[in-house]
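Peer 1: What follows is the residue order along each chain.
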Amino acid sequence: MRVLLVEDDPTLRAQLRAGLQEADYAVDEADNGRDGHHLGATASFDAVILDLGLPVLDGISVLKRWREAGLTLPVLILTARDSWHEKVAGIDAGADDYLAKPFHMEELLARLRALIRRAQGLASPLLQCGALALDTRSGRVTLNGQPVNLTSHEYRLLSYLMHRPGTVVSRTELTEHLYAQDFDRDSNTIEVFIGRLRRKLPPETIETVRGLGYRLAAPP
Amino acid sequence: MPAADPHWTRSLRFRLLAATLIAVAVALVLAGLLMAGLFRDHVMRQFSQGLTAQLDQVTARLEFDASGQPQIDPQALTDPRWSRPYSGLYWQVDGANNEQQRGVLRSRSLWDATLILPGDLLADGVVHVHEVNGPDGARLLLVERTITRDELRATPWRLIVAGDLRETVSAVARFNGVLAASLAALLVLLCAAALAQVAIGLAPLRALQRRLTLVRAGTAQRLDGSFPHEVQPLIDEFNAVLDRNAEVVARARTQAGNLAHAIKTPLAAMSQAAAVALQRPQASADLATLVEEQVGVARRHVDWHLARARAAAAQGLPGARVMLQPVVSGLLRVMERVHADRRLGLQCAPMAAELAFAGEVQDLQEILGNLLDNACKWARHEIHVGAAPIDSAGGARLRIVIDDDGPGIEPDRRDTVMARGARLDESVPGSGLGLAIVNELAGLYGGSVRLAAAPIGGLRVEVELPRG
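Protein chains in written order, with the numbering used here: chain V, 18 to 237; chain W, -12 to 455.
Misleading hints may appear alongside valid ones.
Claimed, not checked - Restricting the straight-line Cα-Cα distance to at most 27 angstroms, the calculated cross-link-like pairs of lysine-lysine (DSS-like) are:
| hint | chain 1 | residue 1 | chain 2 | residue 2 |
| --- | --- | --- | --- | --- |
| 1 | V | 118 | W | 364 |
| 2 | V | 81 | V | 118 |
| 3 | W | 251 | V | 118 |
Unchecked claim - Chain W side only, calculated, beta carbon under 7 angstroms to chain V, not exhaustive:
| hint | residue |
| --- | --- |
| 4 | 313 |
| 5 | 321 |
| 6 | 324 |
| 7 | 328 |
| 8 | 329 |
| 9 | 332 |
| 10 | 333 |
| 11 | 352 |
| 12 | 360 |
Stated by the list, open to error - Residues from chain V that keep clear of chain W, each with C-beta distances beyond 12 angstroms, as calculated:
| hint | residue |
| --- | --- |
| 13 | 81 |
| 14 | 172 |
| 15 | 209 |
| 16 | 210 |
Hints are computed from structural coordinates only; laboratory data are not their basis. Fair warning: this is a prediction, and the values are worked out from it, not measured in the lab. Glycine included, each C-beta is placed from N, C-alpha and C at the ideal position.
Same shape as in the complex, but just chain W:
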């Protein structure tokens, strides 16, 4: 996580709230503008339609005298606003082509004012709408129409009806005020809803946090309870890690206990012997022998447990795969060199190139290295190594066979040599752990080790391991 990140952007709650707030605010402002615009449009159209109706009335009352001057009988117009000064509803008749003829006829409500409108000439009957400043400084909406008498060379006249916009404008303003207030209220409500949503939505995370605290405090072993579908896979993975950790710790504890226990015995023996030697100094020669022997015992225990620990650590690592042929060849080179003066014939039957062991390379080396080393120690002339894939009920497997022509092992003693630390012949150097470690390692991989008589005279060791 970059250090430049401000603290607050790392909060999920903040991110959710900020995004919601911005979206809601933008949406509400846009809606407000749209609604205000629509309302104003609507009101103005209504108003201008009203004025047009008035204009139609005025047009209907328009008459011309003999000289062609327009006449309107004010009595014929019933709306009282026509006669009340500055009432907000006005009419006026202009000569269309002559500035002098502006306001030849005006409603009484105009009093001494004249409506001044942009000079445009319209085709007969077409209604134009303008906004102008009227008497009393008010904004007026104005509709006009041009009338021509049905005679040749008649002068066109412009009929104008204007209405005061003050009422309309204040209505729009009132509406806008109410609209803004309700939108603001909506914004507040939506924000509250968003807060609640985030609080409810993120509640499982807080619950998770509490459970984690419990796990860390040691009062819980795993994350219990059900979580939303989105979080559950994470919880399951985490629980798997916790379980594996617990398993590893438990195993480590057991192994440490086993090892401690195993080492205690030689320690006790040495301590006892030392006490005896203190009382009888002449026995110190025995002491040296005993210490030597007991240190050997302790060392075997340490080696044994180390091998076990390493093999156990390799368990549960999925996907480990190691080709068999290179490992066997490497170990055979070692044996040929190390046992060069015995001039042993080490024969390795050709094995399929893709034959592989499903596990760690060190474990395969440990298994085969110990077995080959044993075979070389005991063989007279010959050692035969072979491997083949087999398919058993336990899944794809691999069988490795190592034969020697040494003395072999009597059938009834074969179980004994598999036991830890057993050595049938003390005259050949070795820790007595080889076969036991091989057996243990193979067992950890779900494999097996079997001892039999070799066709060439000595011992046959068959190892079955999972195939990769």
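Just chain V, same shape as in the assembly:
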């Protein structure tokens, strides 16, 4: 999953980046509203964490411009603790959730997971695909109740696919959503990880749709 982090405070940004990366998110970041808006409008993200008090262009304006341009990606805004006014303005501008500063990293990750899931129309934090189950809260993957050990990259890949069961996902889309912009995008990497993942899962779980990409099918 790839998220965009727009926050001007360098300390908080570094903490958030570290926390997000530890939770296996690919993170792109911006320290002002204009760059943030540009990134969000041009690259593909699964979610945005948007601070409201930004230099150059404030968060509410960034959000309004995205929504006016038809961008539907889930946005989590960061507000001051006691400012309900900001919360109302943010939600009315098109935010999907808010988090009042200061907050715990776990709280942020929980909200983010819920947002991404909701954006895919999934209600439960436990993603099921046949005998295969992925708990987004704990990051655990089980097959018939037995835990499957995955590396961070493998988990990201599987999680992305399990958020879109039965849908064909192209290699480009995977690259875009699994890595931050500055990552060396060699599409072969995806193939390598698909290969590794296939070895840990029952055969035919990840189908290759020739010329289009991959599809997750329910394992028997």
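Could you slot chain W onto chain V? The hints should help.
Peer 2: Below, chain W without anything else, positioned relative to chain V:
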């Protein structure tokens, strides 16, 4: 104040004095001119009346001889000045129509001089007054009258009496001198009076200045003493500002003290734990937990005091009014979006459009936001919001009711949740401050928060606030 203003025009004393001085000076000069004029007029009239009386005497002594030549017997005129040369009182008889006949008869006092007067012919009996230069270079006032014998084709004669004006002029000058001196003395007195008036009138302002200095120096808390009616309202206002300042400072001091005290406890706990961890490094894992926990405690205190401080600052701002419906709608939109995956039914009973809260919009948002957020956390399916105006003994009020169908709170535990930092269930995220802050805010506005059982199964929160 424009910088171009010279310094002295900004002095009240100067303005008062300058205005008084100009007015008094103008008045005195005008009065002086008027009085001098009146006096001169009066003296001249007196003088010319005296001359006219003399003229009447001379006229009475006028006789004509057989050839029609006028005759006056000098012995018949008793005033000795008629005969003393250049005495200052003269008479003369001219032929009215003939330059040759000028001065046919003259008083002895004229000696060898002749009075020359403008040639005008008068009807019988009319007296004319002129000012002319006489003998000896003196200014003379002159009265004349034309006399005609009661015969046909008789020659008219002009009878002239003149008096020296020197005495009169010097009397007028003396009077003018005295007048000017007394007016000048009056001006000085009036200026002194004005100075005294300004000094006495402005004395309260100087007293005020001294009191202000005392206040600024910190030796006085407010402006004591009674001041004139004109200044008293200003003093009262100023004292109100001082009182409010003092109150704000006192409250800020108390709050800072409270906050410092509240934060000291977690700090002490952490310091203690750090000391223990230094001695027993294997306990450092506990240290991290404890620091986390104590930082949380400290943060709750900070949040709590910040909310209090803001609410307290909003107090005493008269005229604050905020419409209820838009605030509730905005918060409900937030709740619907944020709790979208719980698919809660948020129902808001229609409320009167003019229903308003008498206070700050942020405080209303804080109260309702926290309550709605709580309700959404606990509700299973439904949340009902309603508001209605009520009229109680405490004045016009507003009752907002928020019902949820969650687990509710047992009656005997309802007081506990209102207490600061209390959290009945640690498994649901939150600072544990929501209800306590709501309670505190409502209390600051003179309102109240009541917990009860909701008809739909869960908790009912009733908030009463002043209506705007």
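Peer 1: Taking the hints in turn, state whether each one holds.
Peer 2: Hint check:
{"no.": "1", "hint": "V/118 / W/364", "result": "holds, 19 angstroms"}
{"no.": "2", "hint": "V/81 / V/118", "result": "holds, 22 angstroms"}
{"no.": "3", "hint": "W/251 / V/118", "result": "holds, 23 angstroms"}
{"no.": "4", "hint": "313", "result": "violated, 9 angstroms"}
{"no.": "5", "hint": "321", "result": "holds, 4 angstroms"}
{"no.": "6", "hint": "324", "result": "holds, 5 angstroms"}
{"no.": "7", "hint": "328", "result": "holds, 5 angstroms"}
{"no.": "8", "hint": "329", "result": "violated, 9 angstroms"}
{"no.": "9", "hint": "332", "result": "violated, 16 angstroms"}
{"no.": "10", "hint": "333", "result": "violated, 13 angstroms"}
{"no.": "11", "hint": "352", "result": "holds, 4 angstroms"}
{"no.": "12", "hint": "360", "result": "violated, 9 angstroms"}
{"no.": "13", "hint": "81", "result": "holds, 15 angstroms"}
{"no.": "14", "hint": "172", "result": "holds, 23 angstroms"}
{"no.": "15", "hint": "209", "result": "holds, 35 angstroms"}
{"no.": "16", "hint": "210", "result": "holds, 30 angstroms"}
In the structure shown, a violation is registered for the earlier hints numbered 4, 8, 9, 10 and 12, in ascending order.
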